[in-house]
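Same order as they appear, the protein sequences are chains A and B.
Position 712, counted from 1, in the first sequence is what the working numbering calls 712; the numbers after and before it change by one each time, with no gaps.
Position 42, counted from 1, in the second sequence is what the working numbering calls 42; the numbers after and before it change by one each time, with no gaps.
Worth flagging that the hints you see were computed from the coordinates, not collected in a lab.
Fair warning: there could be bad hints in the mix.
What the hints assert, rightly or not - Keeping only pairs whose Cα atoms sit at most 30 Å apart, straight-line, the calculated DSS-like set for lysine-lysine is: (1) B:K11 to A:K167; (2) A:K575 to A:K610; (3) A:K687 to B:K90; (4) B:K90 to A:K575; (5) A:K455 to A:K525.
To be verified - Covered by chain A, according to a simulated footprint, are these stretches of chain B (three or more residues, beta-carbon under 8 Å): (6) 26-36; (7) 103-111.
Using N, Cα and C, we set each Cβ at its ideal position, and we do this for glycine too.
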Amino acid sequence: MSTGTPTIVLVGHGMVGQRFLEALAERGLTATHRVVVLCEEPRPAYDRVALTSYFSGKTPEDLSMTDMEFIDTHGIELYVGDPAQTIDREAKKVTAKSGQVFEYDTLVLATGSYPFVPPVPNKDAEGCFVYRTIEDLLAIEEYAKTATTGAVVGGGLLGLEAAGALKGLGLTSHIVEFAPRLMPVQVDEGGGAALLRTIEEMGLSVHTGVGTQEIVVDESGAVTGMKLSDGSELATDLVVFSAGVRPRDQLARDCGLTVGERGGITVDEQCRTVADPHVFAIGECALASDGRVYGLVAPGYEQAETAAATIAADESEQLTFTGADLSTKLKLLGVDVASFGDAHGTAEDCLDVVYSDSRAGLYKKLVIGRDGTLLGGILVGDAEAYGTLKAFTGSVPPVSPESLVLPAGAGAPAQLGPSALPDEAIICSCNNVTKGTIRGAVTDHQCTTVPEVKKCTKAGTTCGSCVKVLGQLINAELEASGVEVDKGLCGCFSQTREELYEIVLALRINTYQDLLDRYGRDGAKGGDGCEICKPAVGSIIASLAPTIGASGYVLDGEQASLQDSNDHFLANLQKNGSYSVVPRIPGGEITPEGLIVIGEIARDFGLYTKITGGQRIDMFGARVEQLPLIWARLVDAGFESGHAYGKALRTVKSCVGQTWCRYGVQDSVRMAIDLELRYRGLRSPHKLKSAVSGCQRECAEAQSKDFGVIATANGWNLYVGGNGGATPRHADLLAQDLSDAELIKLIDRFLMFYIRTADRLERTSTWLERIPGGLDHVRDVVVEDSLGICEELESLMADHVAHYADEWATTINDPEKLSRFVSFVNAPDTPDPVVGFIPERDQIKPDLPLLSIGMRPAEDVLEGSAQR
Amino acid sequence: MTLAPETTDLKVQLKLADDWFTVCDLAQLLPGRGVAALLPDGRQVALFRDRTGALYAIDNRDPFGGAAVLSRGLTGTHQGRPFVASPLLKQRFDLKTGQCLDDEAVRIAAYEVRAA
Ligand code: SRM
Ligand SMILES: Cc1cc2nc3c(=O)[nH]c(=O)nc-3n(C[C@H](O)[C@H](O)[C@H](O)COP(=O)(O)OP(=O)(O)OC[C@H]3O[C@@H](n4cnc5c(N)ncnc54)[C@H](O)[C@@H]3O)c2cc1C
Ligand code: SF4
Ligand code: FES
């Protein structure tokens, strides 16, 4: 077919090829040109960078980068499964495998790379694979079904990904790396050591400093092992070669284009081949003008843009490609690894700042120039700072370099937000997007969310490592431009928590659905709410239950579906899916019998026990189906729920007080017990803690509590708004020398006023600082009754106290509720096999490596390996 | 208010390869909460039901923390998409597709599910 319009033929429809097509379309070239694409693989371009996510559930369709609508609307002729076979440069013709011949005016080669397989004997045996295409993955997955062990040749970036995939397929995995460390290109010796440790801890075997000499096969020709250069032999059923890639330049060689000594089609700064002005080469097959072949996608994208701009010969936009940054950030097998800039410190006179903690698998190095310029760096184990650091590369950061790599908590970590960056700083290096462009998307294009900015600027659409910084920038920009921040509780309600509380109380609304359907935002009415408002409203309903006519039992009816996961199981979820059990021990006082019961239960169920910071005992490692059995025994012995899982009263700590202590002036233990029993089960915006000390020496640390009580010769002093935790605050004195009755009345009022007016997850300390008028206002309201609401506050509390019932006692007497305490609805007697424990200091701890395996084969499950 | 017709003998079934695998009685699924099911091959699935009665099934494993606990998360709707928030570190997953709403690179398996 010959047409009047000029023709562009693209050979190779990979990541860079696709970007090139988009760049053509953007410049209107698809309208003025016939565009032909020859695609060798059986599917159009897909996200090769995210290839490994196939093993975590992405389908080939999810990985696709090709929108067929795009192809159609731009009239692109895409020939899938039809590679180019020969190029006749004289006649300007390409012949495809199918025999079709295409004449071109411009030819663009984007043929990518092929995996390098070292020339060892039997390298093509059955069971040997490479790792580059979806087809490779499908083949590996199929073969792995019959294999138990796999080995990866090559411990670079891709090798580690491949090893992670093999492990995910349930194989015992080995990595064989010729260099003395893993990821030799990206990290230095120190980083390699941190990486090695972490990867070995995950159960992968790493063999560094050895080469593969031969693949060993059985009579049928299938892999059984490999011979290594140190003379040892590694038994394995499957081998994946990941020893680097080579540019696919054969097509170019065959038609006489210039190629580099070590491969790659030689191009100039416009990505035009040096031998033929009608032919371009982009992506991994190209040898750029700086003498490098880039094996990353970001430089490829830049080349695609450059070639498209050159073809458009657009005067206003003369792009050139003269080299690119090799920064990378990866999450390999769950380990963060990042390197950027001059990571190995090759610049003259540069200095290193290194923070290394091999126990924690952390290694961070910054390369700094004489004048303080940040030149590059390596981060292993924690790459949080990558986005910011990379953007600062090439400039002198506004804070000292040490503070940028120290972990939070050590010294004063620099809170260096992206707002400190200059507008020219590159935020997304994959797509070459600057901070200025992102700000522009917010200010000029009205983008307000990360997805909108991604769409508008392409930032964050490739490796995703910049998305966090992106979010911070968008928020900062929105705030700066005075966009009114929505004060609503969440996407479902435009009211604050306080307003919702007032609505619930005034109108006696006692279900979440009713509240949502009547008072929710327009789009949210009739829906399922979200994880923010459900527990917040659930808590309001629980705090007011007797008054508004709701059930006081948090697992009743609809309320069960509102509770946070911990409240729903009346226990605290631990990292491996097991639970902790904390019975209430009011005031910290416990009888020897009580201690013995707890001891026996912990022993019988094999639980880890620990004295908590709240003067009680925590038992860890209970499986969900054990909770009812454990609680049946605890309830039987007179214990109640300690609400360690709830936003509710936790503990009222006590000191031993007047009864025993020579300084004590009041019975602090009795008062602590009274208070704990009075307020137990009270749901509130955040947890509530208290303590009672028997004298001013303050052994119970009452001034660090939401409400703290200190004995005086004349009675009690009440302190409020104290906090430990991340932002400690000393409590403020609310009233002095109170009698028992006065003390309790004030605390009733104080707590109910807090529950009424605080925001969700706002402790009394932050609430007190936030509300207009602060402490003085609170004193006016609860001591002087300036609003005339004290009677109501007291009666709300009286309702709560009168209706308290232990929720665990209620639960173990309710077979329907108990049936929820199983790991599997269809196998109620089978424990969750990924909950396992290993011994430590004569007790147990979670078996964490078990978690990274994820799914375990059925045979294991059935054989009861969960008992380990 | 209309009541969804509900008969006790309806079963929740999952599509596995080419068969429907029966998991439990529909009545065992509380609107707005999940349950976990064990598949014959050892995989774990989290099943949910929303207030309209629609059913969803995704992998039970939290890909961030590794524990098999997604069935214990809170559900909701975000821009019309049903999701569950992991009880571990609260990342949200689309119940229809398994896509993580907080990390584009993460997606877990979603299953076809019906009441029959
Ligand atoms: C078990 C315990 C640590 C220990 O081994 O001693 C503990 C364990 C947890 N604490 Fe704590 N805290 C424990 C005493 C404390 C204390 C000391 C105290 O109460 O006197 C504090 C500082 C005092 C305070 O709260 O002001 C404390 C400040 C926190 C904070 C920070 C709160 C803040 O306002 O900054 C959190 C995080 C939160 O609640 O958001 C927290 C959260 C947690 C959580 C719930 C974290 C979580 O979500 O998994 C832990 C769960 C325990 C579990 O699974 O059973 N824990 N935690 C202590 C249990 C006390 C008890 O018997 O109930
Ligand atoms: C597992 C894996 C993980 C990766 N991770 C990252 C990462 O985190 N960050 C990063 O920057 N990079 C990463 N990469 C590298 C990245 O995928 C490549 O840099 C990028 O795909 C290069 O794009 P390309 O278009 O040049 O080549 P390719 O995507 O390989 O596309 C070339 C296409 O051309 C086709 N082709 C070849 N010859 C012909 C012919 N004669 N006719 C027709 N078609 C032909 C090939 O079949 C192929 O489909 C990763 C690669 C892999 C394999
Ligand atoms: S606070 Fe006072 S009464 Fe209580 S133990 Fe300490 S010194 Fe004794
Ligand atoms: S840096 Fe990779 S997507 Fe932005």
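> Can the restraint linking K455 of chain A and K525 of chain A be considered satisfied, given a maximum Cα separation of 30 Å?
Replying inline: Within the cut-off at roughly 29 Å; holds.
>> Just to be careful, I want the Cα atoms of K11 of chain B and K167 of chain A compared with a cutoff of 30 Å; is the pair within it?
In response: Distance ~36 Å between K11 of chain B and K167 of chain A Cα, so the pair is violated.
> For the pair supplied as a hint, K687 of chain A and K90 of chain B, is the alpha-carbon distance within the 30 Å limit?
Replying inline: holds, 19 Å
>> Count the residues of the region 103-111 of chain B whose Cβ falls closer than 8 Å to any Cβ of chain A, and tell me whether that reaches three.
In response: Our answer is that it holds, as 7 residues pass the Cβ test (under 8 Å) against chain A, meeting three.
> Are the Cα atoms of K575 of chain A and K610 of chain A separated by 30 Å or less?
Replying inline: Cα-Cα ~17 Å, so holds.
>> K90 of chain B and K575 of chain A were given as a pair; does the straight-line alpha-carbon distance stay at or below 30 Å?
In response: Given that 30 Å is the threshold and the Cα spacing comes to 13 Å, the pair holds.
> Three or more residues of the region 26-36 of chain B near chain A by CB distance under 8 Å?
Replying inline: Check passed, 7 qualifying residues.
In summary, the structure is inconsistent with hint 1 from the numbered list given earlier, while agreeing with all the others.
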